[in-house]
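Student: Following the hints, complete the assembly by docking chain G onto the known chain W.
As a plain string of letters, each chain reads:
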Amino acid sequence: MESDARLIAELLKQDQNAFREVIGRYQAAMLSLARNIAGSAIADEIVQESWLAIIKALPRFERRSSLKTWILRIVANEAKTRLRRENRYQSMDSGDEDFMAARFGANGHWLTPPVEWDPETLLDSEDLKLCLDKLMSSLPGLQSAALKLKQQHGLASTDICNILDVSESNLRVLLHRARIRLFQVVEHFQQTGECCE
Amino acid sequence: MFNCKQLSALSSDYLDGKLTSRQKLSVRFHTLMCKYCRRFLAQLSMVAAFLPENHSSDGSAEEIESQLKRLLSKPDHS
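One line per chain: the protein sequences are W and G, in this order.
Numbers 1 to 197, taken from my numbering, label the letters of the first sequence in order.
Numbers 1001 to 1078, taken from my numbering, label the letters of the second sequence in order.
What the hints contain is simulated information worked out from the structure, not anything from laboratory work.
Misleading hints may appear alongside valid ones.
Cross-link-like lysine-lysine pairs, in silico, BS3-like; alpha carbons within 30 Å at most [stated by the list, open to error]:
(1) K1069(G) to K129(W)
(2) K68(W) to K1005(G)
(3) K68(W) to K1069(G)
(4) K1018(G) to K129(W)
(5) K56(W) to K13(W)
(6) K13(W) to K1035(G)
(7) K1069(G) to K56(W)
(8) K56(W) to K68(W)
(9) K1018(G) to K80(W)
(10) K56(W) to K80(W)
(11) K1035(G) to K1024(G)
(12) K129(W) to K1005(G)
(13) K1035(G) to K1005(G)
(14) K129(W) to K56(W)
(15) K80(W) to K1069(G)
(16) K56(W) to K134(W)
(17) K1024(G) to K1005(G)
(18) K1024(G) to K134(W)
From a predicted model like this one, the values you see are computed outputs, not experimental measurements.
So that you can see chain W by itself, here it is in the shape it has in the complex (with noise of 0.2 Å):
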């Protein structure tokens, strides 16, 4: 937080070296956020407009999150406006169904139970790897956000909560249905060797 400050601090008196720093360290955040929300095609271009939301709204920046999670809540928030203006977004309350129901008997004990995975065999895949970097950007553009951010970016629910702005129980929802999405690939890979179709 100290070094966001000094930061902010240069990057206000449009110092170079300032905005080369930034730049290095968080473009790529910016870009693959960008990429889930809203698909690779139009990821520069929101990362572009981000940028300059950002240039502008520095000044206004009141602190009471990080520097980061600032900055990727106005790509969160370009990358929606990007698709509602093309008829893309999808709310959170679209795609309620329950992807497991199916597996459970009137019980609620397991009637297909979850086969077995070879760990190993799966981690090495490259047809895997395939397969699931075309679910992730089948996949709601909210919900793999919010699984990239939780899974490979390491950032704490509040955090995340803040740049997608949704609430808590969203967020929950959000990373439960696309873990059960991952499981299915993974699931059906293992047992034929193909993507889901």
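Tutor: The following block gives chain G in isolation, referenced to the frame of chain W:
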């Protein structure tokens, strides 16, 4: 005590430590007796490990410079 279906609905919250102590205890009791739920929880906790890493790590010096140029060339950046 949960049945398997109820446990599966709470599985992600369990992994993220979002359950009450009472719920956590119920999950643990259940998984002691149910190998399928034990397997399911173990698998769900490892799925993220199979995700491909982000291709873009830290930006290269070149990328940083070109981004900087683009930023500073915008007339409305201040």
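Student: Would you mind marking each hint as holding or not holding in the structure?
Tutor: Okay, the hints, checked on the actual structure:
1. Distance restraint check for K1069(G) and K129(W): the Cα-Cα separation of roughly 35 Å exceeds the 30 Å cut-off, and the hinted pair is therefore not satisfied.
2. Between K68(W) and K1005(G), the direct Cα distance comes to roughly 38 Å. Violation of the 30 Å bound is thereby established for this hinted pair.
3. Between K68(W) and K1069(G) the alpha-carbon distance is near 22 Å, which keeps this suggested pair within the 30 Å criterion.
4. Between K1018(G) and K129(W), the direct Cα distance comes to roughly 29 Å. Compliance with the 30 Å bound is thereby established for this hinted pair.
5. For a cut-off of 30 Å, the pair hint linking K56(W) to K13(W) stands: about 13 Å separates their Cα positions.
6. The suggested pairing of K13(W) with K1035(G) is violated, with an alpha-carbon distance near 61 Å, which exceeds 30 Å.
7. For the hint linking K1069(G) to K56(W), the alpha-carbon distance of about 17 Å falls within 30 Å, and the restraint holds.
8. For the hint linking K56(W) to K68(W), the alpha-carbon distance of about 16 Å falls within 30 Å, and the restraint holds.
9. For the given pair, K1018(G) sits about 27 Å from K80(W) by alpha-carbon distance, which is consistent with the 30 Å threshold.
10. A C-alpha spacing of about 19 Å is found between K56(W) and K80(W), which places the hinted pair at or below 30 Å, so the restraint holds.
11. For a cut-off of 30 Å, the pair hint linking K1035(G) to K1024(G) stands: about 17 Å separates their Cα positions.
12. Simply put, K129(W) and K1005(G) have alpha-carbon atoms about 29 Å apart, close enough for the 30 Å limit, and the pair holds.
13. Taking the CA atoms of K1035(G) and K1005(G), the gap is about 14 Å. The hint holds against a cut of 30 Å.
14. As the CA atoms of K129(W) and K56(W) are separated by approximately 39 Å, the hinted pair breaks the 30 Å bound.
15. Distance hint between K80(W) and K1069(G) is fulfilled; the C-alpha atoms sit about 26 Å from each other, no more than 30 Å.
16. Among the hinted pairs, K56(W) with K134(W) is inconsistent with the structure: their alpha-carbon atoms are about 35 Å apart, more than 30 Å.
17. At most 30 Å may separate the alpha-carbon atoms for a hinted pair to count; K1024(G) and K1005(G) meet this at roughly 15 Å.
18. Restraint check: the Cα-Cα separation between K1024(G) and K134(W) comes to about 34 Å, which exceeds 30 Å; the hinted pair is violated.
The earlier numbered hints that this structure contradicts are 1, 2, 6, 14, 16, 18.
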